[in-house]
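Asker: Starting from the known structure of chain A, arrange chain B on it as the hints suggest.
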Amino acid sequence: MSTYVGEAADAPKFQTAAKSLVADTQVRHNVRHATEVIRAKRAKVVGEMADWQELRESGHEIKEHVLRHLDFYLEQFETACTAAGGTVHWARDADEANSIIVGLVKAQQAKEVIKVKTMTSDEIRLNVALEAAGITPYETDLADLIVQLGEDKPSHIVVPALHRNRAEIRQIFLDKMNLGELSDRPEDLAAAARVYLREKFLRVPVAISGANFAIANTGSVCVVESEGNGRMCVSLPKVLISLIGIEKIIPTFQDLEVFLQTLPRSATGERMNPYNSIWTGVTPEDGPQEFHVVLLDNGRTKVLADREARETLDCIRCGACLNACPVYRQTGGHAYGSVYAGPIGAILTPQLQSMEHSQTLPYASSLCGACYEVCPVKINIPEILIHLRHRVVEDGDAPWIEKMAMKAASYVLESPEHLDRARKLGRIAQRPFATNGVISHLPFGLDAWTGVRDLPAMPDESFREWWVKRERETGR
Amino acid sequence: MLEKLGHTVEFRPAQTCCGQMHYNTGYHPAALPMMEHFVEVFRGAEAICIPSSSCVAMIRDHYPKMADKSGDAALRRAVKNMLPRIYEFTELLVDKLGVTDVGAFFPHAVALHPSCHSLRSLHLGDRPAKLLNGVRGLTLVDLPEAEECCGFGGTFAVKNADVSVAMLSDKIRCILNSGAEVCAAVDNSCLMHIGGALSRQRAGVRVLHLAEILASRDSRGMSA
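Chains as they are written, first to last, in numbering that gives the first Met the number 0: chain A, 0 to 475; chain B, 0 to 223.
Rather than coming from a laboratory, the hints here were simulated on the basis of the structure.
Be careful, since some hints might not be right.
[Claimed, not checked] Derived SDA-like pairs (lysine to any residue); straight-line CA-CA distance at most 25 Å:
id, chain 1, residue 1, chain 2, residue 2
1, A, K199, A, T135
2, A, K18, B, D169
3, B, K64, A, K18
4, A, K468, B, P12
5, B, K95, B, R11
6, B, K158, A, K199
[Stated by the list, open to error] Listed below are several chain A residues computed to face chain B (Cβ distance under 8 Å; list not exhaustive):
id, residue
7, S365
8, G368
9, H389
10, V392
11, H440
12, L441
13, W448
14, D453
15, S461
16, R463
No residue lacks a Cβ here, since even glycine has one placed at the ideal position from N, Cα and C.
Just chain A, same shape as in the assembly (with noise of 0.2 Å):
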């Protein structure tokens, strides 16, 4: 078996990526200035909902009632749409997800498909897979267009080249679209990915999607986009393949009530997609002839029987928690290593894989709590990352000096006696290093706050002998 996240197990820790992220200054204008744009768009159709915060416990309530159910739901979803004429497959895994897709698109003897919404399929690193086979993915969202062209990673779950400018996406289009002059303005950048590729949605046989929701007692699936370029896909081709998360399921058309208000508003701040694309099976003469359901565990079945961290899936992949981080807004999304980049990702990514390769992730949070805040199916990110920080701790991967560090303070809050005694031995190690009752340099580790930061030094009369002299000389 082989679960993994994109190219995650090889990503270098969240803190190395991160140094370099900081310094590019170009990165960190783009990604300031495209999530306060959409920042201050949500704020404003979310603060038009009086019902906001039942909306958004009515969508934590369905998703924590799917998951509890899911294996009833999950067949229930299979037998509906296979009866309404698609073909269920089951993943357990990113390389069997890849193997029953490149087998479907080979039937098919399709060398070429085109793709839409479908993070998953970067999770799978489905891209690959197909190259491997001889078959090349064209992506037809502008963004993923704009990633896969620039031969780049996504660094936003709802807009994958956030961290691009209009100026670098026409560089990339002229070199890469054969084009002999572009402007940097938006509706021609738009018009030179429609010639590009609306030849391609007329000539390509098959077409890869994902999902936003799976309804289990019809079988429908939903795909709710901002361009259009998804309702091509879905509706073009002679075949399409819909690759799921099995946690994408919801009971019944009524529920997306719910989600269909919240998820628009929190991810691109619209009260509504432009395109909602709903679809159940196949229809006779219209639309596509064969269709395909993948859905895929890939390590959610795991995440699942942690009960602490279950409502990680959740996530109906708005985006909010990432806008919101003042951690991701620094770094940008490429920080985190894997397609799930912020809050959201810092939870995900290590429970989808092996904790060793992403166990730095917990950490890239100052629980600052804005993640949770905008979430629109309440899912408590700082409680989880804590959580999975106590799984790092006692998986015994803690950096040695951290676990040093923790046992002495361990030793010190012990007991009254024990810190008034480092109290004493603090002002003595502390008087090469303070001037003016200010530390500006300290050695070894600690110089990861002394490099840029003063610390105040320890006064000669703490709180505590003060408030002792107070008592003995008001003879209290």
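Answerer: Leaving out everything else, chain B in the frame of chain A:
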């Protein structure tokens, strides 16, 4: 300040730490005895005033769960009994004592940094601002992007120093743009972080805990 308002203040010297640093970094078994010690030390107190919202958040958000997990029924009861008597400093003043004017005098321009836990865990709302508005001579200035984290985050500040500092420089830029002479908060940890950068940069702005401002009087010990 509390004594001037007519209250008896007791400092129990046996207290040490709520265990937040260990807990948030993942050292849960090490945090448990600290919680037990905390519960023991403050047993019987009428109101427990904590001038740090992140410690209050640790107690409210995590103590019940830690007690549950410990399997110790007596501890669970003790935590449950203690929780309603826990007050963050401004909660004590505004909610329990019904005071927003403590008779302070502080003739300076102050920016309030609403720390993450005070904002998103305790939901302190306008309590700290109400208290500052009650101070004679004080000008409360607008802090741009006030609700953004300063980048402290406990061990995060050292484990992810580069990102922490990037967040901190945004906060410092906003504080300097606000025109404040003093940056105030209800969390000393954030203030140590923000103050560390202001001091290093010789920025000419200092940090004070809200309590220090509320305890300020003019030279005759009277409010203006």
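Asker: Against each hint, give a clear statement of whether it holds in the structure.
Answerer: Here is how each hint holds up against the structure:
no.: 1; hint: K199(A) x T135(A); verdict: holds, 11 Å
no.: 2; hint: K18(A) x D169(B); verdict: holds, 17 Å
no.: 3; hint: K64(B) x K18(A); verdict: violated, 35 Å
no.: 4; hint: K468(A) x P12(B); verdict: holds, 13 Å
no.: 5; hint: K95(B) x R11(B); verdict: holds, 21 Å
no.: 6; hint: K158(B) x K199(A); verdict: violated, 47 Å
no.: 7; hint: S365; verdict: holds, 3 Å
no.: 8; hint: G368; verdict: holds, 4 Å
no.: 9; hint: H389; verdict: holds, 4 Å
no.: 10; hint: V392; verdict: holds, 4 Å
no.: 11; hint: H440; verdict: violated, 11 Å
no.: 12; hint: L441; verdict: violated, 11 Å
no.: 13; hint: W448; verdict: holds, 6 Å
no.: 14; hint: D453; verdict: holds, 4 Å
no.: 15; hint: S461; verdict: violated, 11 Å
no.: 16; hint: R463; verdict: holds, 6 Å
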